[in-house]
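Number of protein chains: 2
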Amino acid sequence: MSCKYKTLLRKGLCLTLLRTSFLGRTALFYPRKVGATTRITASWIWTHASLRGISNSTSGNNHFSLRTHSCGEVCSTHIGREVTLYGWVQYVRQDLFVILRDFSGLVQILIPQDEALRKTLFDLPLESVVMVRGKVQLRPEGQENKTMSTGEVEVCADSLEVLNKCRKLPFEIKDFVKKSEALRMQYRYLDLRSSQMQYNLRVRSRLVMKMREYLCNLHGFVDVETPTLFKRTPGGAKEFVVPSGEPGKFYSLPQSPQQFKQLLMVAGMDRYFQMARCYRDEGSKPDRQPEFTQVDIEMSFIDQAGIQALIEGLVQYAWPDEKGTMSTPFPSMTYEEAMRDYGVDKPDTRFEMKLVDVSEAFGNTEIQFLRDALQQPGGCVLAIRVPDGAKHLKGKDLEALKETAKTQFNQDVSIVLVRPDGSLKSPLSRLLSEGARLQLLQMTLASAGDLVLLAAGTGDHMRPLLGKLRLQCADLLEGHGVALRDPSVFHFLWVVDFPLFLPKEDDPEQLESAHHPFTAPVPEDTPLLYSQPHKVRGQHYDLVLNGCEIGGGSIRIHSASEQRYILKTILQEDLSVLSHLLEALDSGAPPHGGIALGLDRLVSIMVGAPSIRDVIAFPKSFRGHDLMSRAPDFVSEEELKPYHIKVTWPEGDK
Amino acid sequence: MSCKYKTLLRKGLCLTLLRTSFLGRTALFYPRKVGATTRITASWIWTHASLRGISNSTSGNNHFSLRTHSCGEVCSTHIGREVTLYGWVQYVRQDLFVILRDFSGLVQILIPQDEALRKTLFDLPLESVVMVRGKVQLRPEGQENKTMSTGEVEVCADSLEVLNKCRKLPFEIKDFVKKSEALRMQYRYLDLRSSQMQYNLRVRSRLVMKMREYLCNLHGFVDVETPTLFKRTPGGAKEFVVPSGEPGKFYSLPQSPQQFKQLLMVAGMDRYFQMARCYRDEGSKPDRQPEFTQVDIEMSFIDQAGIQALIEGLVQYAWPDEKGTMSTPFPSMTYEEAMRDYGVDKPDTRFEMKLVDVSEAFGNTEIQFLRDALQQPGGCVLAIRVPDGAKHLKGKDLEALKETAKTQFNQDVSIVLVRPDGSLKSPLSRLLSEGARLQLLQMTLASAGDLVLLAAGTGDHMRPLLGKLRLQCADLLEGHGVALRDPSVFHFLWVVDFPLFLPKEDDPEQLESAHHPFTAPVPEDTPLLYSQPHKVRGQHYDLVLNGCEIGGGSIRIHSASEQRYILKTILQEDLSVLSHLLEALDSGAPPHGGIALGLDRLVSIMVGAPSIRDVIAFPKSFRGHDLMSRAPDFVSEEELKPYHIKVTWPEGDK
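Line order of the protein sequences matches chains A and B.
As numbered in the UniProt record's numbering, the first sequence has no gaps in its residue numbers, which increase by one up to the final residue, 654.
As numbered in the UniProt record's numbering, the second sequence has no gaps in its residue numbers, which increase by one up to the final residue, 654.
Chain A extracted, bound-state conformation:
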């Protein structure tokens, strides 16, 4: 067989391969606004272009299959071996080479000067599906592609069979080809062929498998499926309803298996987990999905520390090797500390810029609005220092910060720049005493080139504002190339000691549960339930990753009388709806607690995806639509009859 090599042609091909780059595998893959450390180069991608780490077994991938090998595993140990490969035509070059792709990677097929083979290949559309039989051989010296996992070898084809010709596609399957979100969703089956989506779904599957091993095999958890056709929670405005065959009666799709997991503890299941599908109808909230998955866990005879240790072990066990090692225990912070230092209950601790109370510096201030603020009950002046902020942030950045404060919090924020000589550039500086200036600099640790944001008012209002501005400053700094948050770093954090109740937004005299009504109070606060319930802390814990809440849980109330008191007297709920749960607590309910982790969010942060849609195979659009199948869709009046429902068309419609 004559396999003629054309060196120039090969060189061209290699360059093309670098550009088409199929297998990028890294958390850093998504473009970030940060510096050189996080930029992905084509050579990095090819060096790491192996799926070995993704599928646990290579040979097992071909068992039962018509192929002998997958494309990405062919290497020099196979030289001389006859192989049968199946895959997609990624690239054809002058009838001489076919680059064949499957889930595992790319391999180069050499097409000999054979009339029949050439004919088959002629005019073959990219993305067509072919079978190739041939012999693995070393590439000629100097022709290796070291940036390709199969780059030492090629398969010299004996036969090539076209199994399915591909029509002209709406976009090319190449990572550098940019597609609109809508096009990606409409042709999701093509979008999923991209290396990034292949990686995301595979890494998700592997993560889930490792979690199951940890829970089921190592720690005695029982995987129990709970129903998704359930009873509607009163006021559960976010629950989808499902009409039943009985007139007027509906199931609902629950937001979580909360009741079932507790009932399973009452049932003596001891340790329950489930990768639970949950439903929430939130219309078009950004980056929410009407259905999502949570890692749902509940244990009996456990305390808060036990559950936290379990979860730390779980995440550590399941965390992919390529994402670096993880140290445990995770740091912990009280809700009060989080609000005090970060102005938010899910602090991003990857960078500093904490909130500082600088009220003291303004004790005798003549600045009227500061004086007014400080005279209110709970009044204070809060600051954050933006390191090198004066250097990096431009005028329009500062305007954007003020805009946020104004529009989202109806509040003014003062921006103070520290000049090289330590003097302050600010409308306030004229009115500021020298003592106040020095104290402010000392308290915020601000120095030349820094920028200080000041806000005055009640702490309850100022902290969320500055918490928000802190994050906005971080985004702005990163936008100017400052490497603030290393995307390869994962900061897990527990936030604990939440208040058990909060004043209702629409009726502050009334209390509502900060999380849910089943959370147990911190034991030493229990007596306060009956005197000062607003002071009671709950045994609730949130798990935060890089400033996102990825999980939350609590020790539950196991005493029926305590649960009844909280529901009836404090929350003024209708007990009859939860009578089965109250009865269950009265039937020998063990002390128990649990947690739920948001799987979609966890995976999306892990792989550095900008949206949870990038870690879900077939997500809905912002507006809750499946753009591929066009769901939801109209259903005829006739088809609704068995459910005894009728559409109420808005005026003027239809």
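Hint data in this document are derived by calculation from the structure and do not stem from the laboratory.
Since this is a predicted model, take the numbers as computed values, not measurements.
For every residue, glycine included, the Cβ atom is placed at its ideal position computed from N, Cα and C.
Heads up, some of the hints might be wrong.
Covered by chain B, according to a simulated footprint, are these stretches of chain A (three or more residues, beta-carbon under 8 Å) [unchecked claim]:
{"hint": "1", "stretch": "301–307"}
{"hint": "2", "stretch": "627–638"}
Lysine to any residue pairs mimicking SDA-like chemistry, simulated, CA-CA at most 20 Å apart [to be verified]:
{"hint": "3", "chain 1": "B", "residue 1": "LYS323", "chain 2": "B", "residue 2": "TYR199"}
{"hint": "4", "chain 1": "A", "residue 1": "LYS249", "chain 2": "B", "residue 2": "ASP633"}
{"hint": "5", "chain 1": "B", "residue 1": "LYS354", "chain 2": "B", "residue 2": "GLY449"}
{"hint": "6", "chain 1": "B", "residue 1": "LYS249", "chain 2": "A", "residue 2": "THR648"}
{"hint": "7", "chain 1": "B", "residue 1": "LYS168", "chain 2": "A", "residue 2": "ARG564"}
{"hint": "8", "chain 1": "A", "residue 1": "LYS210", "chain 2": "B", "residue 2": "LEU218"}
{"hint": "9", "chain 1": "A", "residue 1": "LYS646", "chain 2": "B", "residue 2": "LEU218"}
{"hint": "10", "chain 1": "A", "residue 1": "LYS238", "chain 2": "B", "residue 2": "GLU639"}
Based on these hints, arrange chain B on the given structure of chain A.
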């Protein structure tokens, strides 16, 4: 500490324990109508009363927990050890012993003559939750309970704390206490405390975990979650609808992820699986659930033999050790053979009694109805021999068989008893020639004491009838104590070569898919698609276990043009609804195929449960109700407004 033993009391206790029998672990546990081999004795239960086989790790079960040990694991290696146990009070005996239960089993707690401890125990209701601290000690010689896994030891309590008192329960948590189905469902959290339900859910969890290991870790499958809020299939009468926030537009809950699994193959996922929640609104069909779970599998570059081998390996790998070994490959039978020999496409091959075509014996018969039958096109006389049927089946059994034939098939069946002398007892015998008699006996292999059922008509009608009567005879024989089907034996069987199309029931001129329209024809039958489609066999395979269909799958059509031809020309479907799938097939779809196993049914057969409700934690009742939470329930008009629907009350209602 004075631990006085009262021998008589102990003896009494042991007997009680035998009766209360907590941990029955066997497929044979459910009462069967068969003989002594399958009857469970109390001693058997206690001998096997260990959860070691159920949870993979014993020590891991206590990690993170407040307990040091679980109740069922305490044994002689712990003697002298201080232990902390948590559990439910199964039994208290004269203030001396508490039998403590948790998920792992029972342990005996000895309460010393301590005033405080005795006081705590006084009047403590059964099923209350307690913590016990104490020291493990050997029971005095002669006091061991060998039928109890912890029966060599007991824990001498230092302290006992009541964590939750139990109210008076609607039924006792004892296996011998019979409860109505409705009561079990209403108090499911109590019902699940039974040893059988604990076993069922744990064995299910373990089976699923093993399946995942096999698929994910050993064979490169990717666990992908697919949406359950999907587009309604036209004519999908069994799909639940879910109103969306857009007037008139509905999602539907799909009956299976069929479209998604195929799209994932087009997306290059190569090997997909999912424990998929599926939905089917079938009203009150017996032993169906509105939501159920299937093991959903799809592979690219695979043939039918490959998928069958995969599944054989899967079942073999995941099968619990205590259910015996399983040999592969499973036997295979064509649809034609199954219908011919068993009169059904899911034959129970655990016993013989096959259908025999005895038309030849009646070639010259003078019996009018037989002659009439044989003269029809496709007419035949079919028989089954019931061994020892004449001996076991009573008059009312025979009446029941005739009744079935009459009511369900509108058909007469003749029952022939073979007398000890070989003569026949039957209204027909008078009209039967000696030759015919001999030939009938020879063809059916019937001998003295047997019973032969005869039916005459077209084969298409007679086979299902006799298939049904065959099973009814088996039930009747077992009812009379004949050990026909050993419940510890599992007969897996492939049924293959199904017809691709069947005549529509309501319009026999039209064809409809025997399974679904995506099944590929057997390659050599493909040309018949365009000439005699009713003769085409499909590459479909059903997996049958003990006469129940537990799975089905097929090689799919991967050619868009073939799929379009079948949908449009043969099935006369509206193509627009499946346009996304047809487009996908045109976009480089690989050859692919898959299968789905009914997990609930598989587990229920495995554990010998009479209903799939016994392997589902929170099942719905026959009528689709959750009797515990009372779902489905009424939803107010106000709450339906966001969904633009309104209830259409039947006349006279509400």
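query = Quick one, are LYS646 of chain A and LEU218 of chain B close enough, alpha carbons at most 20 Å?
reply = Not OK: LYS646 of chain A and LEU218 of chain B at ~50 Å, beyond 20 Å, violated.
ask   = Can the stretch 627–638 of chain A be counted as covered by chain B under the rule of three residues or more with Cβ-Cβ separation shorter than 8 Å?
value = Answer holds; 8 residues pass the 8 Å Cβ test.
request  = For the pair supplied as a hint, LYS249 of chain A and ASP633 of chain B, confirm whether the alpha-carbon distance does not exceed 20 Å.
outcome  = holds (5 Å)
request  = Compare the distance between the alpha carbons of LYS168 of chain B and ARG564 of chain A with 20 Å, and conclude whether the hinted pair is satisfied.
outcome  = Answer holds: LYS168 of chain B to ARG564 of chain A is near 18 Å, not above 20 Å.
Restraint check for LYS354 of chain B with GLY449 of chain B, where alpha carbons must lie at most 20 Å apart = Distance ~18 Å between LYS354 of chain B and GLY449 of chain B Cα, so the pair holds.
query = When you check the alpha-carbon spacing of LYS323 of chain B and TYR199 of chain B, does it fall within 20 Å?
reply = Holds, at about 13 Å.
message = Can you confirm whether the C-alpha distance between LYS238 of chain A and GLU639 of chain B stays at or below 20 Å?
response = holds (10 Å)
Holds or violated: LYS210 of chain A to LEU218 of chain B, with C-alpha atoms at most 20 Å apart = holds (14 Å)
Outcome, coverage of the stretch 301–307 of chain A by chain B - at least 3 residues whose beta-carbon is closer than 8 Å to one in that chain = Per the Cβ count (5), the hint holds.
ask   = Quick one, are LYS249 of chain B and THR648 of chain A close enough, alpha carbons at most 20 Å?
value = Distance ~11 Å between LYS249 of chain B and THR648 of chain A Cα, so the pair holds.
Comparing the model with each numbered hint stated earlier shows that hint 9 is the single one that does not hold.
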